[in-house]
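A.B. asks: Sequence:
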Amino acid sequence: MKLSQRIYTLIIFSLLLISCREPYDPEINQEDLGILVVEGHIETGGRATVVKLSTTGSLNDVLNSYIPVSNAQVSIESQSGQTYPLPFTENGTYTQLHELSNDQQYRLNIDIPDQGLYQSEWLTPIISPAIENVGIKREDNDRSATEIYVSTHGNEDVRYFAWEYEETWIFNPELRSFLKFDPEQDSVVYRDLSTERIDRCWRTEYSNTINIASSARFQDEYIYEKVIQEVPFGSERFTQRYSILVHQRAISQEAFTFYETLNKNTNDMGDIFSPLPSNINTNVHFQDNGSYKAIGMVTAGASASKRVFFDRLDIGHWIVTNPFYAGCDLIYDTIPVPEASNWFSSGRTVPVQIVEGGFGGIIGYRGGSRRCTDCTLRGTNVQPDFWAN
1 MKLSQRIYTL IIFSLLLISC REPYDPEINQ EDLGILVVEG HIETGGRATV VKLSTTGSLN
61 DVLNSYIPVS NAQVSIESQS GQTYPLPFTE NGTYTQLHEL SNDQQYRLNI DIPDQGLYQS
121 EWLTPIISPA IENVGIKRED NDRSATEIYV STHGNEDVRY FAWEYEETWI FNPELRSFLK
181 FDPEQDSVVY RDLSTERIDR CWRTEYSNTI NIASSARFQD EYIYEKVIQE VPFGSERFTQ
241 RYSILVHQRA ISQEAFTFYE TLNKNTNDMG DIFSPLPSNI NTNVHFQDNG SYKAIGMVTA
301 GASASKRVFF DRLDIGHWIV TNPFYAGCDL IYDTIPVPEA SNWFSSGRTV PVQIVEGGFG
361 GIIGYRGGSR RCTDCTLRGT NVQPDFWAN
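Once you know that position 160 of the sequence shown is 160 in UniProt numbering, the rest is easy, because the numbers rise by one and skip nothing.
Keep in mind the hints are simulated off the structure, nothing from the lab. Computed from a predicted structure; not experimentally measured. For each residue, glycine too, the CB sits at the ideal point set by N, CA and C. Keep in mind that a hint or two might mislead.
To be verified - Straight-line C-alpha distance at most 25 Å; calculated SDA-like pairs for lysine to any residue:
#1 Lys137 to Glu164
#2 Lys306 to Val158
#3 Lys226 to Ile315
#4 Lys52 to Lys137
#5 Lys137 to Leu313
#6 Lys52 to Ser75
#7 Lys180 to Asp329
#8 Lys306 to Glu221
#9 Lys226 to Trp122
#10 Lys264 to Thr55
As the list claims (entries may be wrong) - Label pairs and their computed distance ranges (CB to CB):
#11 Asn263 to Glu356: 58 to 64 Å
#12 Asp182 to Val227: 46 to 52 Å
#13 Thr83 to Asp182: 50 to 56 Å
#14 Gly46 to Arg143: 37 to 43 Å
#15 Val382 to Leu97: 18 to 24 Å
#16 Ile127 to Val227: 21 to 27 Å
Required output: the full structure, derived from the provided sequences and hints.
C.D. replies: Below is the structure:
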């Protein structure tokens, strides 16, 4: 669950649990349903700064856990007075690469029309040590999950850590086709495999959990094999080759407590007898006159990153099952050549196999649905620049 979704859950359950203590339907303050949720890290280590803004929505629309904010003016301000804009990209995200010094303090400015200015507190950048290792481990069980872990050393000055990651893997659709219907030729032809492949793609997903740890809790300040991702048995991720890029942030004790409390409160809410969520400190505040509220924990510093690759052979026994491709089979009947246009011109059905007659001539084709044949519905057929074969 993403940070904004956890915060939204925390707010909604707080209101509902409080309401349940009263015998009558409560009047819920609408101001509590329009809280600005801020996720952000001011990056001083050569990566882009990324800030995500959203607001909590209506209790009647709980499934829409947050509403992205797309009309804000967002910038980084240094204590020396310089301003670094963060332009809007998509889905409530504001990002830009800026060369920021570790020798200054920074704060985040968020100006929203018809509301006003929100600001983070002044933040001193914290430099993360290098990631020592990213690896995998698995129990001696043919059907066990695979855990991905990180190891790092803290010290008396840097003791609190947070991790995010980007996963990328190769996958194939259930039915692999090298054919297409060409309307100009009004016939089935072979695809240009340099640009038109739909049988092999790369898919990327981003971490959506809060991964934190404190080196103060370990001997020699050594965080050893902290699990940051668990891949269930049969996941498509290990079809062929898998890569994970791990980003490690050194954070303040205040930020660590924020994430830890958020984790605990949102994980405990499944029990109706759990205590009400405790107050969560935030370092983002509304500056102008008014009753607008914000919650979030902006951090700053130079993060460390490490990319590793794993092959299916590294994992061991692994049978891939993907519910997306459930029920995928070739169309049973052969589609005669004269009927190819009727079947394939819309793109909903894709030619998969050539059917030849007794003397070697093509008499028809067998096809499959686009869902079962076209991997670009779920990924890209362009190999990422970082990919190592």
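A.B. asks: So, for every hint listed, does it hold in this structure?
C.D. replies: Now the hints, each set against the structure:
Between Lys137 and Glu164, the direct Cα distance comes to roughly 19 Å. Compliance with the 25 Å bound is thereby established for this hinted pair. Proximity of Lys306 to Val158 is assessed by CA-CA distance (about 19 Å); at most 25 Å being required, the pair is judged to hold. Annotation: proposed proximity of Lys226 to Ile315 holds, straight-line Cα distance about 18 Å (limit 25 Å). Simply put, Lys52 and Lys137 have alpha-carbon atoms about 33 Å apart, too far for the 25 Å limit, and the pair is violated.
The straight-line distance between the Cα atoms of Lys137 and Leu313 is roughly 13 Å, inside the 25 Å bound, and the hint therefore holds. This hinted pair checks out: Lys52 and Ser75 have alpha carbons roughly 12 Å apart, not beyond 25 Å. For the suggested pair Lys180 and Asp329, the alpha carbons sit about 18 Å apart, so the restraint of at most 25 Å is met. This hinted pair checks out: Lys306 and Glu221 have alpha carbons roughly 20 Å apart, not beyond 25 Å.
Simply put, Lys226 and Trp122 have alpha-carbon atoms about 30 Å apart, too far for the 25 Å limit, and the pair is violated. Between Lys264 and Thr55 the CA atoms are separated by roughly 22 Å; this keeps the pair inside 25 Å, and the hint holds. For the pair Asn263 and Glu356, the supplied restraint of 58 to 64 Å holds, since their beta-carbon distance comes to about 60 Å. In this structure the supplied range 46 to 52 Å holds for Asp182 paired with Val227, their Cβ-Cβ distance being about 49 Å.
For the hinted restraint 50 to 56 Å between Thr83 and Asp182, the CB-CB distance of approximately 54 Å keeps it satisfied. At roughly 42 Å, the beta carbons of Gly46 and Arg143 sit within the given window of 37 to 43 Å. Judged by the Cβ atoms, the range 18 to 24 Å given for Val382 and Leu97 holds: they are separated by roughly 22 Å. Checked against the hint of 21 to 27 Å, the C-beta distance between Ile127 and Val227 comes to roughly 25 Å, which is consistent with it.
Checked against the numbered hints given earlier, the structure breaks hints 4, 9 and satisfies all the rest.
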